[in-house]
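Residue numbers (this note's numbering), protein chains in the order written: chain A, 692 to 1022; chain B, 4 to 480; chain C, 15 to 313.
Treat the hints with caution; some may be incorrect.
[Said to hold, decoys possible] Have a look at the derived ranges for each label pair, beta carbon to beta carbon:
(1) B:Lys315 with A:Ser709: 22 to 28 Å
(2) A:Ala771 with B:Asp20: 56 to 62 Å
(3) B:Gln383 with C:Pro222: 26 to 32 Å
(4) A:Asp757 with B:Lys40: 30 to 36 Å
(5) B:Glu309 with A:Ser886: 53 to 59 Å
Everything labelled a hint here was simulated from the structure, so no lab data went into it. Because the structure is a prediction, the values reported are computed rather than measured. All C-beta atoms in this analysis are idealised placements derived from N, C-alpha and C, irrespective of residue type, glycine included.
Residues per chain are reported as follows:
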Amino acid sequence: MPLTVPAHGPEAAARLASMSDVTASDGSLRRFLHGLPGVDAVGLEGRAATLGTRSIKTTAKAYAIDLAISMIDLTTLEGADTPGKVRALCAKGVHPDPLDRSTPKVAAICVYPDMVKVAKESLGDSGVKVASVATAFPAGRAALPVKLADVADAVAAGADEVDMVIDRGAFLAGHYLKVYDEIRAVKEACRRPDSTSAHLKVIFETGELSTYDNIRRASWLGMLAGADFIKTSTGKVAVNATPPNTLILLEAVRDFRETVGVQVGVKPAGGIRTTKDAIKFLVLVNETVGEDWLSNDWFRFGASSLLNDLLMQRQKLSTGRYSGPDYVTVD
Amino acid sequence: MTTFDYAPAPESRAVVDIAPSYGLFIDGEFTEAADGKVFKTVSPSSEEVLSEVAQAGEADVDRAVKAARKAFTTWSAIPGAERAKYLFRIARIIQERSRELAVLETLDNGKPIRETRDADLPLVAAHFFYYAGWADKLDHAGYGANPKPLGVAGQVIPWNFPLLMLAWKIAPALATGNTVVLKPAETTPLSALFFADICRQAGLPKGVVNILPGYGDAGAALVGHPDVNKVAFTGSTAVGKAIARSIAGTHKKVTLELGGKGANIVFDDAPIDQAVEGIVNGIFFNQGQVCCAGSRLLLQESVADEVLDALKRRLSTLRIGDPLDKNTDVGAINSAEQLARITALADSGEAEGAERWSPACELPSSGYWFAPTLFTGVTQAHRIAREEIFGPVLSVLTFRTPAEAVEKANNSQYGLSAGIWTEKGSRILSVANQLRAGVVWANTFNKFDPTSPFGGYKESGFGREGGRHGLEAYLDV
Amino acid sequence: MSESEKAARLSVFKTYKLFVGGKFPRSESGRVYEVTDSKGRWLANAPQSSRKDARDAVVAARKAFAGWSGATAYNRGQILYRVAEMLEGRRDQFVREVGDAEGLSKSKAGAVVDAAIDRWVWYAGWTDKIAQIVGGANPVAGPYFNLSSPEPTGVVAILAPQESSFLGLVSVVAPVIATGNTAVVVTSEASPLPALSLGEVLATSDLPGGVVNLLSGRTAEIATPLAAHQDVNAIDLAGAEEVLAKELEIAAADNLKRVRRPQPVDWAADPGTERLTSFLETKTVWHPAGGSGSSGAAY
């Protein structure tokens, strides 16, 4: 038996089953989650800030920029999204810089369920995945059958990945088992007829969980329930991904792999707009969980405007002069 | 490149211009030593000679004390508000020149630029800014109306935080109206000499601050000079005791900031990830060359393995090397002599049966280097649990109950610092209350602030630096 | 029984003893020395303490330290006030002893004893105020709660003033124990009797045994081992002459005792807070406060 198995692999279920005493009841879940080590906010933020002072230059910067591009879930989640807009975004995802074909493609295009089909067709066999938000994104305020239908719809339309939101109300009320069961149900709904599954990303909306202790508990809860990725935010609230809350997620996946033997991915989303920001997150990954997570199988950025800044910085590195917004595509 | 390796990111040396030689700074002038002696100061990370510096002797001490005495008459008489403005000027000039001073300090000391840039220099400027404000408010400091300065302060500082220790000494001394003769450590004289230039730029009257680079003999001469009214020393406990003996029977007021063997106590309900950071910061900040370092880690047995695993994993990410590289976490040991002392004590740890561990790391081929090291299986009887190593060496002990933790923590001749890690508030307060240490960091470590008094219990010395408390050492009260 | 026989009733002498660990031992050395009044008349034989008595007193003081320093400041204040009450009740005895010891008239001795009683009251009131005067919160530039508090230094050796055998003694002992230290006191060499009688007062004032230990004898003989003792944290040299003071200060450096050098003092004057703060350590405790939190707001 391998030491570590991927959360999206066939062996993960057995590993998770080994934690069944923890997830047996609301009470046992609460005791477990509340027994996780506490988080000192000042210390956490201090560590994140210190890592933020790393100076990533020249070859390291070039590497980081390409890595960051390859990790982007290029996202459009607007009420005004149209097939045309989504197709343009897909084209950009495959060839982010039309003038430089050596630019890596992004990891995925992230859209609402009704746009999955369009995106899937546009991307074809490019290798860029289609991710769909679901479960009454972003508020998550709908009955479970509605949420599951939302998921099934996206999967049926060809989504490779599903980004669900947890029920923050239930979480904050301490109904951990309810949240757990819901994630399990969504995971089940990700299953395709051929018994493969869309990968499940579980969004906590960390900005609404209020405390770092809660983020740590939510991370474990999500992973125990079978999350393939854990994700900070919807991008739709005031505070989205930050270095400290992403650091909590990284510590959680590190400790989860140590304890359960299952490796889970991490996706900060929302508010990451500049190359400088993205590199800070990569440094967090590098120095918290290391190389094992430094690929788009295990780390993603949920972002839209970040890509253009990465492209401009990439052009600067290759040409030596600063680029401008007219030299990257507007979507 | 197929992995995320950080490319070298060296801070530019061009920002600092080190002259080939420096004199003593006496009565507002740079001057040669009376006997013409000089010594070389080297960069500990490369052994490159940075400059040649005049070496003060007894005659120079006498000359400097005379200059300070002469300046005292006018300096102590000018209104506090005017003295304050000189100190504010100094604080501002330090802020302006902080990049230059950070690079200089890193070159002369060997500590990482990340620390000089983000810790030393901001604290230096803040310290002057804080004490500047006291100069015209001494009536309100709680030492009675119109408290008087003592006169000439003889100050001897160590090499671990050269400019910061200078600030801790000079700022309160000047704010209270004393004049100063300061001897920086022989391995790190440069930032004090640059400070002399800052005094010039600030227009500080001549003789108010005198800087005498030199060795222990110059320090002894300064401390022993009959016309010195106040002795302030930061350094080893052995030298501190010698100073305490030498001033016996005099009227000299003395404050001593000496060694430590700080206990960093991790309880089973600690915020583990932050505790690991605190442990690392506690013993590897400034290569562990810190008097208040958390050099004894006390782990509650029920979490000892978990914390140790996490700690070792974390130590493996420490970046050791060129101190000027902005990504360096651990720099060079300050001198060959200090390296020899660390090496000898670490060897004694092994010889006495403790288990030694260091992360895999490549040390530079020139300069003075010591890999971050931790010892497990340490008992209270081991030398590495009792003696101050003053290097990047952590001794790990375990305990079963809070009472045992307190007992072990206090079982030391020293009493400078301690750390407590637990999420339980009442435990923090009760343990903090029982620890015999001058600074207790709970759920944090190695934090400093000009408003926060710093100093030890027992053989870690006496007197406080920082805050309102720090004024007392320089007032005739 | 005749009238004359009645008038000639012989008074009962008091055997003066040391006060160590709340008990009244003789010197382990078995030695005594003759104490006379200011005119040279025999008053009593006082125990002549040895270095072993000094050692035992340090052990007693160390043993008492945890309890006394851990007592509430309010409780310490109550006990110091109780000392004043007990003294007031035995005022006549102390007036006589101080008068004999220092060659004072009854009214002058009365004034000295009154001042000494009032000094206990003064320090009784300080126990729960000194921390507010010398401690406090420090406004550090960061998200930290930072509090400085005074704590007692530990075991303090006190060389009581030689001339002012009672008011001087009270003036150096009361501030040391008010703040939670415990004391080993070397009484005035020539006039130890008021000090030894004070032991009897302390023993009946709810003061825990060992908080104050009183040793009579030759100052230099007792002080020398105390100054060198590694388990003594501080020394007040009030009763040491210049040469002895310097020797003791040198010995005290071996474990970096806090040293209070001798200086001329008007014991009748307002004592201020100097002696209270001489044997205090400042402890500063840091703790994180808040952080911006995951929702961006402090919590």
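> When you take the CB atoms of Ala771 (chain A) and Asp20 (chain B), is the distance between them in 56 to 62 Å?
Replying inline: Since the Cβ atoms of Ala771 (chain A) and Asp20 (chain B) sit about 59 Å apart, the hinted range of 56 to 62 Å holds.
> Taking the beta carbons of Gln383 (chain B) and Pro222 (chain C), is their distance inside 26 to 32 Å?
Replying inline: 29 Å, holds
>> Taking 30 to 36 Å as the stated bounds, is the beta-carbon spacing between Asp757 (chain A) and Lys40 (chain B) within them?
In response: 58 Å, violated
>> Given the hint of 22 to 28 Å, is the C-beta distance from Lys315 (chain B) to Ser709 (chain A) inside that range or not?
In response: Holds, since Lys315 (chain B) and Ser709 (chain A) (Cβ atoms, about 26 Å apart) stay within the stated range.
>> Does the beta carbon distance between Glu309 (chain B) and Ser886 (chain A) stay inside 53 to 59 Å, or does it fall outside?
In response: 38 Å, violated
The structure fails to meet hints 4 and 5 from the earlier list, while all remaining hints are met.
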